[in-house]
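K.L.:
Listed below, chain by chain, are the residues.
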Amino acid sequence: MAARAIELQGLTRRFGDREALSEVSLALDEGQTLVVFGPNGAGKTTLLRVLATLLRPHRGRVRVLGRELPREGWAVRGRIGLLGHASLLYRDLTARENLRFHARLHGVGDDRVDELLGVLGLGGRADDPVHTYSRGMVQRTAVARAVLHDPPLLLLDEPTANLDPQATELVEHLVGPSSGRTRVVTSHDPVGGLRGADLALGLRAGRAELLAPAAEIGREAIGALYA
Amino acid sequence: MTRAVGALLRKELALERRTFQVVPAMALFSLTTLIVFHFALQQDDVEGRLAAGVLTVTLLFSAILGINRLFVADHEEGGFDGFLLAPVDRTAMLVAKALALAGYLLVLEVVAVPAFGLMLLEPALTGGAVLKTVVVLGLADAGIAIVGTLVGAIAIQTRALDLIVPLVGLPLLLPVVIGTAKALAPVFAASGAEALPAKWLVILGLYDLVFGLLSYAVFDYLLED
Chain A
0 MAARAIELQG LTRRFGDREA LSEVSLALDE GQTLVVFGPN GAGKTTLLRV
50 LATLLRPHRG RVRVLGRELP REGWAVRGRI GLLGHASLLY RDLTARENLR
100 FHARLHGVGD DRVDELLGVL GLGGRADDPV HTYSRGMVQR TAVARAVLHD
150 PPLLLLDEPT ANLDPQATEL VEHLVGPSSG RTRVVTSHDP VGGLRGADLA
200 LGLRAGRAEL LAPAAEIGRE AIGALYA
Chain B
0 MTRAVGALLR KELALERRTF QVVPAMALFS LTTLIVFHFA LQQDDVEGRL
50 AAGVLTVTLL FSAILGINRL FVADHEEGGF DGFLLAPVDR TAMLVAKALA
100 LAGYLLVLEV VAVPAFGLML LEPALTGGAV LKTVVVLGLA DAGIAIVGTL
150 VGAIAIQTRA LDLIVPLVGL PLLLPVVIGT AKALAPVFAA SGAEALPAKW
200 LVILGLYDLV FGLLSYAVFD YLLED
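Order-wise, the sequence lines are chains A and B.
At position 60 of the first sequence the residue is numbered 59 (numbering that gives the first Met the number 0), and the sequence of numbers has no breaks.
At position 72 of the second sequence the residue is numbered 71 (numbering that gives the first Met the number 0), and the sequence of numbers has no breaks.
Since the hints were made in silico from the structure, they are not lab data.
Source: prediction; values computed, not measured.
Treat the hints with care, as some may be off.
To be verified - Label-pair ranges, simulated between beta-carbon atoms:
no.	chain 1	residue 1	chain 2	residue 2	range
1	A	67	B	209	28 to 38 Å
2	B	0	A	6	26 to 36 Å
3	B	156	A	39	17 to 27 Å
Ideal placement from N, C-alpha and C gives every residue a C-beta, glycine not left out.
Just chain A, with the same shape it has in the complex (with noise of 0.2 Å):
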């Protein structure tokens, strides 16, 4: 039996008076994927930044990758891969400086970045500043620091936003299913994003309206959430 990655119970996370995360509770083995849906605001970007050791939680328990978080914060930092709505990128920096910037901070080589930014398509600009590159461009440069150090769990925010299909392709094999990490992905698509999960999870207002297998989970009851 897989060990759990994930298991929340009763989390709830507030900002201010505002309950972002309530009662949130689900458990996720390794190497699975769980797709989280939910209107704009719903706490999806909440529940990663959580997950992520970016957000405390204020009530409820939370283990990630066999740790409790926050107290134990510390030891899985590193084996997370982020890739949010932000980059996480200077912009003023070149694609080839940032991804060495996060490979020293991970202790990874130099030779794994030359690997992704060849794997990304992205060799030919690697020596220009960020800001000149199209949104698809920093989306893949983003997805090349989220995997640089090899992580045991992705959260993924839309990993696949702003990116054509031939992007879509290259970066699929790195943060897609046939990755073999455990995943959490947010989406939108009740169809795309239910290719390759194992649970699905609908957030709002913070809520979890609905959990159960993403194989027994119809388009209507993730339209309902959008409703």
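Please arrange chain B on chain A, whose structure you already have, making use of the hints.
P.N.:
Below, chain B alone, put in the same frame as chain A:
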């Protein structure tokens, strides 16, 4: 720790080399301030306590500009989060930022002190006086760099960055202002450079030590949610 500090420092200097957002602004501001002092004081030259005060205030206000910009690039596009996700001691950012700010202050002083000497100071700085000035400013820079990094890290998490840095930073840096001005006054004496007052050097050194330890202790918590 060393690896992370090296990576952060290298990134910091690459950003400054690419954008020139901090050092030129500080240097130009210091020159403008000296010109303003020249006209506002209605004196062609200054010496002693007045000269020490003018130089100290000019450098401090220019440093505030640098502190304001210190964390801006990290805040944009979530570079801060990228660092927080790395398995490194978070104090590495304090050390790297303080070293970078100290470097910027050094470049500022290479521009501002000779300009001060040319525009306002009489008598001119001789070899011994230059060395004494370097010692005092070195101790002042360490204090400004440590406290500036601490205040910059607090301010960047608020919406009032430009307000928080001077409002919190200037009162915290008052001991540096007093110590630097008191230590430089005899160096700029009209009768020629006198000995450095050991008491004020010790006070500056103690300030650096105390705020260095304090910043080391609290910096991790400042970066936490």
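K.L.:
A separate judgement is required for each hint: does it hold in the structure or not?
P.N.:
Each hint, compared with the structure:
In this structure the hint that residue 67(A) and residue 209(B) lie 28 to 38 Å apart at CB holds, the actual value being about 35 Å. The hint said 26 to 36 Å for the Cβ distance between residue 0(B) and residue 6(A), and at roughly 32 Å that hint holds. Restraint check, residue 156(B) to residue 39(A): a C-beta distance of roughly 24 Å satisfies the suggested window 17 to 27 Å.
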